[in-house]
Amino acid sequence: MLGEGIVKGLAETARNFLGSFVDEERLTTVEYPEERLPQAEAARNFPFLIYDGDDAEKGLRCVACQICEKECPPRCIHIEKSKDKKPDYVGKQQFYPAVFDIDVSVCMSCQICVEVCPFEAIRMDTQFELSTDDRFGGLLWTKAELAKTNEYYHSIHPTEAGETDARLDEEKAKVAAKAKPAEAEMQAKA
Amino acid sequence: MTQAPVQQLDQIFVMLKHWLVGYVPAAAQPVVSSLLSVVAILALFPALFAFTTVLERKGLGRMQNRYGPNRVGPFGLLQPLADGIKSLTKEDVVPRTADKAVHFMAPLLLVAASFLAYAVLPVGRNMAAVNLDAGVLYFFAVGAVAELAVFMAGWSSHNKYSLLGAMRAIAQMISYEVPLILSSLAVIMAAGSLSTVEIAGRQAGYSGIWPHWYVLTPWGLAGFLLFMIAATAETNRSPFDLPEGESEIIAGYYTEYSGFKFALFFLGEYLGMFAISGLGITLFLGGWSAPFSFLTWIPSWIWFFAKLLALIAVFIWMRGTLPRLRMDQLMNFAWKFMLPMALLVMVSAGVWRFLPHGVLRWIVCFVMIAVPYVLLGRGLLQGKKIGKRTYRFAE
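Chains W and C, in that order, give the protein sequences. If you're matching positions, the first sequence starts at 6 in my numbering and goes up one per residue. If you're matching positions, the second sequence starts at 58 in my numbering and goes up one per residue.
Keep in mind the hints are simulated off the structure, nothing from the lab. Positions of the beta carbon are idealized from the N, C-alpha and C atoms, including for glycine. Misleading hints may appear alongside valid ones.
Stated by the list, open to error - As a list, the in silico BS3-like pairs of lysine-lysine whose alpha-carbon atoms are at most 25 Å apart: (1) W/Lys13 with C/Lys393; (2) C/Lys445 with W/Lys13; (3) W/Lys13 with C/Lys74; (4) W/Lys91 with W/Lys177.
Stated by the list, open to error - Examples of chain W residues toward chain C, derived with CB under 10 Å: (5) Gly8; (6) Ala19; (7) Leu23; (8) Phe26.
Stated by the list, open to error - Pair ranges (Cβ atoms, derived): (9) W/Arg172 with C/Pro380: 51 to 59 Å; (10) W/Met6 with C/Ser91: 20 to 28 Å; (11) C/Leu134 with W/Thr137: 50 to 58 Å.
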């Protein structure tokens, strides 16, 4: 009969209307600033620099090779190489970035810098609330703001961080294994 | 003993007005009296509009399992304030090729026409701004000005979508005006008066606990449903919102309006909806009278606004449920279903008047409306496959 469908439809919307007051499960909205969904482990937004130990200056893994600066598609990374050198994680003398800036407003979160970095020094952060009322200085992040600990890396991407650490340990072991015969030779010579 | 304070509460606004008018010289009293009524209408109904917008958004949200606005103020109730400030601060863009004067006048005319309609609405006992002998006629005449405003907006914008929307609006509003007026004609016949105050007064009696509302007769119920359907179309509300069908013609006749003029269109549309709901209440739902004889102690104006809010809720419910019609479906529905049904309701009201009281006239009037309804429904649905839609190329 004419009008049957309308009555059915009205019943359906009435059920939804009343149900939304009774059954909290129906409401799929996550009221964002107060409520948050847990982020996926693979979430990524903006790169950061990893440092080992407690001192961001000393433990920074970056050796200022500038590969990421060249590879960055929107060219948001700016690096100035240091004049002196400091030992890296295996003890080899390396340059370090005197200046390392990334422009938040230009970065497109492509992760290419992470993929090209041979030193496991740059990784993607999950933090996404980066807005600021200072559109120039506030959006240009310097080395101090970018540097974060390896522990922080573990806390946001545990699996990936574990793999990275395993690779670094392997390399350290290789270097140590090479160094041992050399040391033995040196001692023998002496 | 208890009757006196109850009556006072019922007439509190009337007494307030008399008291205020008493302070001015006798020569100025009629003018001041009407001014006070106008101020009350100008203050109350836009406030109701503000409240309805937030109610509508929250209600629609709940129907779609969302919260709706809940950020501004407690439970989002101050949302209209934020919306108002937003629309005031927006740029008022007028197209270069638009007819500037008409473009400017259209929203003003729409709002003014919508306000004029409230003059004859009795919102409580002795609470109509004016008691015109031809109140219903006046209401429809003023309502027709809204159509003019809509076409002015569409034509002056110099935009194809505006014009399309305006043309749709005119076609729709004129088509649905016919069943709207015909269905109210049944009530005018039964009441024997065109005065809204008189019509509401006629329905204020009780048989036992039951009121003498016209909706409680077979022809009255059918007439009320037809009236409300036509009213939905008349106020361009979903599912008859073709004139502004945003998925087809952007925003129809107000595509080229922004800022506060856009808000005025919005206001005019809602005021039109309240006014026509108010007329529906006056004609069919007993105006300000209580639904049961033992509830008459509640002031009459509370009853009017309770009914108005209930009808607004139904409008929102309809909007949340039904998808927009197609233009041909809209026209078919108006001329092939609404018009014959409205004529039948009129005849049925006449039969009801001249048959003796009793079961017989209930049966006769019911059959007179129900059988054509079923047959017309079959005719409309004939040859139409209703059910799950099948696609030739998709899927």
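- Against chain C, with CB atoms and a cut of 10 Å, does the hint on W/Leu23 hold up? holds, 8 Å
- Query: Does the interface hint hold: is W/Ala19 within less than 10 Å of chain C, judged Cβ to Cβ?
  - Reply: holds, 7 Å
- Query: Given the hinted pair W/Lys13 and C/Lys74, is their alpha-carbon gap at most 25 Å?
  - Reply: It is violated: about 48 Å lies between the C-alpha atoms, which goes past 25 Å.
- Does the alpha-carbon distance linking W/Lys91 and W/Lys177 stay inside the 25 Å limit? Judged against 25 Å, a Cα distance of about 17 Å means the pair holds.
- Let me know if the C-beta of W/Gly8 comes in closer than 10 Å to any C-beta of chain C, holds or violated. holds, 7 Å
- Message: Assuming the hint says 20 to 28 Å, is it satisfied by the Cβ distance from W/Met6 to C/Ser91 or not?
- Response: Distance hint for W/Met6, C/Ser91 is violated at roughly 49 Å.
- Item | Proposed interface contact between W/Phe26 and chain C, which counts if any beta carbon pair is under 10 Å | Constraint on W/Phe26 satisfied, holds at 7 Å.
- Item | 25 Å limit on alpha-carbon distance, applied to hinted pair W/Lys13 and C/Lys393 | holds, 23 Å
- Could you grab the alpha-carbon distance between C/Lys445 and W/Lys13 and see if it respects the 25 Å cut-off? Holds, because 15 Å separates the two Cα atoms, which is no more than 25 Å.
- Range hint 51 to 59 Å (beta carbons of W/Arg172 and C/Pro380) holds or violated: Holds, since W/Arg172 and C/Pro380 (Cβ atoms, about 57 Å apart) stay within the stated range.
- Message: Tell me if the beta carbons of C/Leu134 and W/Thr137 are separated by a distance inside 50 to 58 Å.
- Response: violated, 32 Å
Checked against the numbered hints above, the structure violates hints 3, 10, 11; every other hint is satisfied.
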